[in-house]
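Student: All chains should be built: construct the whole structure from the sequences, respecting the hints.
For any residue, its number in our numbering is found by taking its place in the sequence shown, counting from 1, and adding 99.
Don't read these hints as lab results, they were simulated from the structure.
By construction, the Cβ of each residue, glycine as well, lies at the ideal position given by its N, Cα and C atoms.
The hints are all genuine.
Below, in silico cross-link-like pairs of lysine to aspartate or glutamate (EDC-like), each with a Cα-Cα straight-line distance of 16 Å or less:
1) K159 with D179
2) K160 with E183
3) K274 with E237
4) K209 with E244
5) K267 with E255
6) K265 with E255
7) K283 with D248
8) K159 with E183
9) K333 with D319
10) K283 with E244
11) K265 with D291
12) K126 with E326
13) K265 with D293
14) K223 with D248
15) K102 with D293
16) K333 with D293
17) K333 with D137
18) K223 with D179
19) K159 with D123
20) K102 with D137
21) K160 with D123
22) K160 with D130
23) K102 with E165
24) K277 with E237
25) K176 with D146
26) K176 with E147
27) K223 with E183
28) K159 with D130
29) K209 with E237
Label-pair ranges, simulated between beta-carbon atoms:
30) I161 with D264: 41 to 47 Å
31) N280 with E216: 23 to 29 Å
32) R334 with E216: 39 to 45 Å
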Amino acid sequence: MTKLSVNINKFATLRNSRGGNNPDVVKAAIDAQRFGADGVTVHPRPDERHIRYADVRAIKKIITTEFNIEGNCSEQKFVDLVLETQPHQVTLVPDALGQLTSDHGWDTIKHRDYLREMIQVFQKAGIRVSIFVDPIVEMVNGAAETGTDRIELYTEGYAREYANDKEKAIASYIKAAKRANELKLGINAGHDLDLNNLAYFAQQIPGLLEVSIGHALISDALYLGYENTIQLYKRQLMS
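Tutor: Rendered as structure tokens:
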């Protein structure tokens, strides 16, 4: 079954808007795993506008489920944090400085040598590596040449078009996933997946190992409750 990793960045966004420690981000991680999440994801950025580097260190001390840290490996501070905290997985995302949210995958052809070098840094430390890619077969081919363990398919395009034509929306993702399977790359996915579009995506993508969901899941939790929402999302992955 596809695993659900809960991105808890939004808890930190809410905390930071008021100061203090409410909501408690570490407790959010503990509760995510207690409520059935298969993993916890954080995405610290250089300005620490949501998840802080101290949060990552604190979560690492208590995490019992899979821990995934996302970020841009061009930031030495990020590289050092990952090597220090030793998560199960690091997901490399080509964010620009100050970027609101991730909005594109790596050009794995243009940046092949750089990615290969950085991926080896993490793999030598025993950390599984996933890289963010768009659903383009050529980018999947390029990803295989970097030596990455997995790719994470950037799903904003799918989510945007799902309501208009779900078959058209998923088509490029199926092609990319089939190619990844041929190349023996693990497949993760994330960005704008929600209770409306998740089940269809999971059903159609062969070999989907993990989805990372934050914004939609936390938004739903405001109305439905955190534990209930995590279970609802897990149910979408079983349908």
